[in-house]
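Residue numbers (this note's numbering), protein chains in the order written: chain D, 1 to 179; chain S, 180 to 314.
Some hints here could point you the wrong way.
What the hints assert, rightly or not - Pairs of lysine-lysine, BS3-like flavour, derived with a Cα cap of 27 Å:
1) S:K219 with D:K153
2) D:K153 with D:K29
3) S:K219 with D:K101
4) D:K53 with D:K101
5) D:K89 with D:K53
6) D:K153 with D:K101
Claimed, not checked - Covered, in the sense of this in silico footprint (three residues per stretch, anywhere, with C-beta under 8 Å from a C-beta of chain S), are these stretches of chain D:
7) 31 to 44
8) 120 to 133
As the list claims (entries may be wrong) - One side of the interface only, derived from the structure: several residues of chain S facing chain D at Cβ under 8 Å:
9) D237
10) P241
11) L246
12) F251
13) G272
Honestly, the hints are just simulated from the structure, not real lab data. Even for Gly, the Cβ is constructed at its ideal location relative to N, Cα and C.
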Amino acid sequence: MIRLLLPLVTFVGLIGLLIIGMQTADERKLVDSPLVGRPIPNLVLPQLHQPAKTTSTADRLGEVWVLNVWGSWCQSCRIEHPYVGRLAKESGVPVVGFNWKDERDDALRWLSQFGDVWAYHMVDYEGRSAIDLGVYGAPETFLIDHRGIIRHKHIGPIDETILGDLMARIQRLQQEVGA
Amino acid sequence: MRKALLLTAWLLALGLSDQSLASAIEPLPFRSDVEEIRFKALAEEIRCTVCQNQSLADSDAPLAQDLRQELFVMIQDGRTDQEIRNFMVERYGDFVLYRPPLASHTLLLWGGPILLLLIGLLGSVIIIRQRRALL
Numbered sequence: 001m002i003r004l005l006l007p008l009v010t011f012v013g014l015i016g017l018l019i020i021g022m023q024t025a026d027e028r029k030l031v032d033s034p035l036v037g038r039p040i041p042n043l044v045l046p047q048l049h050q051p052a053k054t055t056s057t058a059d060r061l062g063e064v065w066v067l068n069v070w071g072s073w074c075q076s077c078r079i080e081h082p083y084v085g086r087l088a089k090e091s092g093v094p095v096v097g098f099n100w101k102d103e104r105d106d107a108l109r110w111l112s113q114f115g116d117v118w119a120y121h122m123v124d125y126e127g128r129s130a131i132d133l134g135v136y137g138a139p140e141t142f143l144i145d146h147r148g149i150i151r152h153k154h155i156g157p158i159d160e161t162i163l164g165d166l167m168a169r170i171q172r173l174q175q176e177v178g179a
Numbered sequence: 180m181r182k183a184l185l186l187t188a189w190l191l192a193l194g195l196s197d198q199s200l201a202s203a204i205e206p207l208p209f210r211s212d213v214e215e216i217r218f219k220a221l222a223e224e225i226r227c228t229v230c231q232n233q234s235l236a237d238s239d240a241p242l243a244q245d246l247r248q249e250l251f252v253m254i255q256d257g258r259t260d261q262e263i264r265n266f267m268v269e270r271y272g273d274f275v276l277y278r279p280p281l282a283s284h285t286l287l288l289w290g291g292p293i294l295l296l297l298i299g300l301l302g303s304v305i306i307i308r309q310r311r312a313l314l
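Using the sequences and the hints, build the whole thing.
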């Protein structure tokens with residue numbers, strides 16, 4: 001009996017494992033960032049609209065803010081664009097753009113086409129600062145608390161559910177500011 | 180004779196495929212062979228986080244190119260292999276290493292094959308004993 005059942009049980013078990021594997025495939029592609037819980041690296045980068053002017057990630061110290069990595073070449077950034085707009089409008093915190101590996105003209109054209117909903121944009125044409133942030137794909141969204149600690153990172157486009165999650169997290173972070 | 184020919188063809192094919200793999204890497208001005216060897220070894224053992232089943236050496240992804248450039252600069256700056264690995268891990272986590280360090284959360288990864296081998300050995304011993312008892 002066991003001799004007959006054992007291959008069957010093994011087979012069913014294997015199929016089960018494969019099904020779990022398929023369902024969690026997308027999830028497993030996401031790489032947890034070791035930077036969550038650590039201070040955001042101090043990056044000084046030119047602004048998109050005024051290239052002569054630089055801004056630093058340290059400028060925002062003392063307030064909760066969002067850093068959103070995007071590029072005009074990035075298809076998913078187009079998809080999340082309306083949600084970034086809502087995040088900027090409804091969250092009450094600055095949503096800063098991180099224009100990654102883009103061409104200035106393309107980025108400006110993209111913004112005039114879809115709308116510039118960000119507070120301002122930091123530009124990283126070569127992608128060296130993005131490496132310091134552990135960026136590996138666009139879009140990516142970082143939540144930074146008032147002490148300059150990265151508290152959350154979302155990889156991939158923002159949708160309705162993610163927007164709700166981000167808003168709740170921002171609210172909690174803002175409560176910490178007063179406390 | 181035919182065997183020798185086949186072997187030569189096979190070796191040639193192997194050589195060619197090896198070359199096509201290496202072509203993802205853009206030519207870089209190494210100062211010495213040692214630097215080049217170190218660069219290649221590190222590029223082989225660091226995972227490209229975009230195309231996760233490829234190493235930095237295999238991948239054509241723009242991020243892999245950036246990371247190779249960073250790797251090259253760090254080697255030129257005289258950083259050690261361990262410093263370079265740490266640099267990558269600090270930014271992308273243990274996942275970026277094809278050979279992650281032995282820790283509590285990687286125990287199954289490293290111990291898994293040994294565990295499976297032990298299960299197999301145990302199974303064989305049981306089966307052999309049963310059969311022997313039947314004789």
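P241 of chain S as an interface hint toward chain D, with CB separation required under 8 Å:
holds (6 Å)
Just to be careful, I want the Cα atoms of K219 of chain S and K101 of chain D compared with a cutoff of 27 Å; is the pair within it?
Within the cut-off at roughly 25 Å; holds.
Satisfaction of the F251 of chain S interface hint, Cβ to chain D closer than 8 Å:
Violated - the Cβ of F251 of chain S stays beyond 8 Å from chain D, reaching only about 12 Å at its closest.
Closer than 8 Å between Cβ atoms is the bar; does G272 of chain S clear it against chain D? Give me holds or violated.
holds (5 Å)
With a cut-off of 8 Å between beta carbons, are at least three residues of the segment 31 to 44 of chain D near chain S?
It holds: at least three residues are needed, and the segment 31 to 44 of chain D offers 5 whose Cβ sits within less than 8 Å of chain S.
Closer than 8 Å Cβ to Cβ for three or more residues is the test here. Does the segment 120 to 133 of chain D pass it with chain S?
This one holds; 7 residues, not fewer than the three required, reach chain S with a Cβ under 8 Å.
Compare the distance between the alpha carbons of K153 of chain D and K29 of chain D with 27 Å, and conclude whether the hinted pair is satisfied.
holds (15 Å)
Holds or violated: K153 of chain D to K101 of chain D, with C-alpha atoms at most 27 Å apart:
With a Cα-Cα distance of about 20 Å, the restraint between K153 of chain D and K101 of chain D holds, given a limit of 27 Å.
With 8 Å as the cut and Cβ atoms as the points, is D237 of chain S at the interface with chain D?
Since the shortest Cβ distance to chain D is 16 Å, the answer is violated.
Are K53 of chain D and K101 of chain D close enough, with their CA atoms no more than 27 Å apart?
holds (19 Å)
Is K89 of chain D close enough to K53 of chain D, meaning Cα to Cα at most 27 Å?
Judged against 27 Å, a Cα distance of about 25 Å means the pair holds.
Hint validity - L246 of chain S Cβ closer than 8 Å to any chain D Cβ
holds (7 Å)
When the structure is compared with the earlier hints, violations turn up for hints 1, 9, 12 and for no others.
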